[in-house]
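Trainee: Here are the chains, one letter per residue:
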Amino acid sequence: MALSKVWVHAELTPEGTVAPISLEILAKAREISDVVEVFTGGDGAAIAETVGKHGATKVLATGDISDKLQGVHVGAALAAAIEGGDAPDAVLLGTTYDGRDIAARLSVKLDKPVLTNNTDIDVADGIVVSTQIFGGTQIVKTKFAAGGPAIATFRPKSFVAEETGGAAAEVAELGLVDAGAAGAAKLLNRHVEETSGPKLDEAAVVVSGGRGLGEAGKFDMIEELAKMLKGAPGASRAIVDAGWVPYSYQVGQTGKVVKPTVYIAAGISGATQHMVGMKGSKNIVAINKDPEAPIFGIADLGIVGDVHKVLPKLIEALKAR
Amino acid sequence: MNVVVCVKQIPDPADPGALNPDHTLKRDGKLILDESDSYGVEMALQLVDKAGGGEVTLVSMAPNGEVSGLRTALAMGAAKAVLVSDDALKGAGALDTAKVLAAAVGKAGEYDLVLAATESSDGYTGTVPEQLAALLDLPSITFAKSVEIADGTVKVQRQTEAGYDECEAPLPALVSVTAGVVEPRYPSFKGIMAAKSKPVETVTVADLGLDAGIVGWAGAGQEIVDVAAAPEREAGEVIEDDGESFQKIVAFLDGLKVL
Ligand SMILES: Cc1cc2nc3c(=O)[nH]c(=O)nc-3n(C[C@H](O)[C@H](O)[C@H](O)COP(=O)(O)OP(=O)(O)OC[C@H]3O[C@@H](n4cnc5c(N)ncnc54)[C@H](O)[C@@H]3O)c2cc1C
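Same order as they appear, the protein sequences are chains A and B. Residues 1263 to 1583 (the numbering used here) are what the first sequence spells out, left to right. Residues 31 to 289 (the numbering used here) are what the second sequence spells out, left to right.
Isolated chain B (complex conformation) (with noise of 0.2 Å):
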């Protein structure tokens, strides 16, 4: 069984984020694997572990080349990457995106289940995967919260609003997964030292034979009109706990009609 899985690498999301005069993410530092898609790595590492053979291929769309958290995917054991890296991608919203990801994908090779995090953790559109899965004409189950196969079935327990819904889906087939649907393993020593001879596929644009007129900020369709600081909230009253200062809460708890 072969899995893609779509990764994203990312500025820090520990280092406060930043943006270009012209309003897009500054990514010129050095990037990371999503923490995100970790998880859906590990899901298709075990996937292809369980079914006894097949390989892990990643997919992702980065600025200069960027290959450190692919590198770190790899090490986690995907096989290989395909990479796309073009300037003409710079401000490309989520539909553009997934039009890329999908041209690469059919770079990818043979595939039975392409997975995705749910949304990435800089961006967090949350519609990419799904948007991917309509270009590559499959179903596509979103928000798993668990991920099994079967005779030729993906079985997911999808994330909702109330509880979670047991589905299924004939493969080929997309599946978006939560953080927690399982457990990233930790890159060993070893992989670390594998993952830097293993293929790493960059292509342009041109490459995918897309034209760069429909991806990036030339198609992206939106503009941005303004960026301001949003309403800062004031601090109140901050007092040091004498042993005495729930009867603060209560007070304020009072007056607030809420007992």
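Bound-form chain A, shown alone (with noise of 0.2 Å):
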């Protein structure tokens, strides 16, 4: 049984394109819905093109709202597009800042459960979704039994992207409403930290240091090996909360879900909380001097040794070639 319709987020960059969760759910989308349109807070014509090639036929926008923060006002103008008759069988979402925030007002608004964390959906018997838990090492399957849009959001990396070809979209009003004094907050100004490199969650390599490393100093190697192999440098928690490096490096459970051809793990031990960040990697490299590590029970390579000796000569040796 498919869906008649669904509506996906398109979440914005900062560059105004379309998230790349946005078009990994919108694969997922097309697959188990008949019509699959997108919802935005901002310009619809701008990402047209973009959603249309991704499965979607019309784009709901509600104009700039750049000076607003998203939860609130997208989430009463979806619950006032439902209220007024244009409901979809689901509303679907990325786990992400905005996606989370949109999703727990929507909840509100329409006094329905929101899912969150979810990995994949199934609707061949009403609406499934999957959640992995204790680490990844269980999935919950949770069916939504309340009627109405079910409302669920994805973690990155859970569906690949793909184009159809399909024509651009058709733009429509996503009508904003008076939000009253829950509409209040403003956003005065965006940051957008200076990256070098691919980024974290697009990277086909990715170079993580742990607490192994023993001193923040020493995260240099992995950043220069990250370099040396085009990937990007990554982090365990334990080193984030450290204050070695930012917390945009963080891999895990509360931090990014990386799926790169290779991540190598250097110093990490393997706590199932890093583990379901990476785990989906296509190869593991793990180098650890304790042999009961649990890192060593997924990794395709494991090295039992010491990060100080066996990374300066793994560089010296890729800098030969």
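If you're looking for bench data, these hints aren't it; they were derived computationally from the structure. Computed from a predicted model, the values in this text were never measured in an experiment. Fair warning: there could be bad hints in the mix.
Said to hold, decoys possible - Straight line, CA to CA, 27 Å or less: simulated DSSO-like cross-link-like pairs of lysine-lysine:
hint : chain 1 : residue 1 : chain 2 : residue 2
1    : B       : Lys185    : A       : Lys1330
2    : A       : Lys1544   : A       : Lys1290
3    : B       : Lys226    : A       : Lys1575
4    : B       : Lys287    : A       : Lys1575
5    : B       : Lys137    : B       : Lys226
6    : B       : Lys278    : A       : Lys1492
Bring the two chains, given one by one in their own frames, into a single complex with the hints.
Mentor: If you want it as structure tokens, here you go:
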């Protein structure tokens, strides 16, 4: 049984393009629904072509609201559209900062549950979403039992984005409503952190360091190796919390989900909360001096050794090539 | 200035988690203050301190009248707590939890600011604070990595995928804080002793004027249909470094054509 219609959140990057996670969800939405439309808290015309290529036939857009917070305004606009009779079977969003806010505000407006952190959705027998729990060791399937639009958010990299070559989507207005006192928060300024090299969650190679590096300065080895492999450096939470690297480097349950061709974990024990963010990698190399480290349980190549010995030699060998 | 902080008491994350036969999370052992919430408590204490007066009130929802996590936060310096404990809340989803917390905030007295962690360490839905804001009809700024208050306005650096956004909202407002927004203090011995006699008001769903049919299992609007082990990733080759193991890595990377 396919659904009749779903709405997918087209989240915008600071540059105004559609975020990869929205294109990933669009790919799945096409599979489960006859009609796929997107909604966005921004300009619809600017993304009509992209989302059309990814299978959406319509963009419901609020127009520019870049001086406001998305959650309360997009949530209220969606609720008004739904109450006005234009109800989809499901509203799908990314488990992102704005995605969660919009889903949360919408869920209160409609008095419907929202299920977050999903990695899959199935519509064969009702709308059933899958979530990984206990660090990804178990998968829970939950059915929406309240009727009305099912509101669900998905982890990044749950699906693979794919173009269908569709025509530009039709642009329609998603009418804003007065959110009253709740709408009073303002967005004054955006700060985009400068990054060089590929993004952590898009890189083909990720080299991550953990507490086993011993001290902040040793993270230079991780940066250097990542650069040589045209990859991105990543980190365990232990060294983010210790202030060695910014939070944006963190891989795991409370950080980024990565699925590179190769993930190199250096001095990382392999806590379930770390592994849930990287065990979807196609290949995993682990370097750890403890042969009992859990990371070896999922590594394709495990080196029981000292990062201070193995990494410098590896870097030298790659330099020599 | 008065601040209400939502705190969750959870099973120790260091222990392996387990489910009850009805698929709810096992919470029958000792519960502790979710570390994520220690940031909200600390932030609240600092803001009240800076304002030169007021108090920090905790609200929490937990089974079996559990207070050990609350005592930790009271020992840090919070003045009092409202605890909602009721068997009817078993299986409550994020929206139900927000409804219960909203009603509990109503028992906490006058407030200027509500703080919460961005997500709990055991459930991590990350929607409860924003749902709570919606129910209380408050402006909200989520995922704060820095919080300041001046002239009746809360100024926040809000975490984004690309960096952070500078945001502000008039008080009263709700803010959810990330780990690292401030460095939580350790309770002092004096604090721990004082916490023992600080007031904790324990209330039921009925005390809050809520219908047990709309919160907890009955109201969750969701049904767990299956729990299964995730497919395991097989371990590959593990070798002892003999000084030459880097060659193995080079060959491995070469085979994958990433060099
Ligand atoms: C709710 C919650 C959410 C969390 N979210 C995340 C998350 O998103 N991401 C995350 O990473 N963690 C997360 N954590 C933390 C996680 O549980 C671990 O504490 C963390 O991943 C450990 O980091 P680590 O592997 O760097 O440190 P450790 O566990 O201390 O491991 C260090 C490893 O280095 C090895 N080592 C030491 N010296 C050397 C050497 N010279 N050479 C080689 N190896 C060496 C040791 O054998 C050890 O295995 C979360 C925890 C909780 C409770």
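Trainee: Hint by hint, note whether the structure agrees.
Mentor: So, going through the hints one by one against the coordinates:
1. Lys185(B) to Lys1330(A): holds, 14 Å
2. Lys1544(A) to Lys1290(A): Within the cut-off at roughly 21 Å; holds.
3. Lys226(B) to Lys1575(A): Violated. Lysine 226(B) to lysine 1575(A) sits at ~57 Å, over the 27 Å cutoff.
4. Lys287(B) to Lys1575(A): It holds: about 20 Å lies between the C-alpha atoms, which stays within 27 Å.
5. Lys137(B) to Lys226(B): holds, 21 Å
6. Lys278(B) to Lys1492(A): holds, 20 Å
When the structure is compared with the earlier hints, a violation turns up for hint 3 alone.
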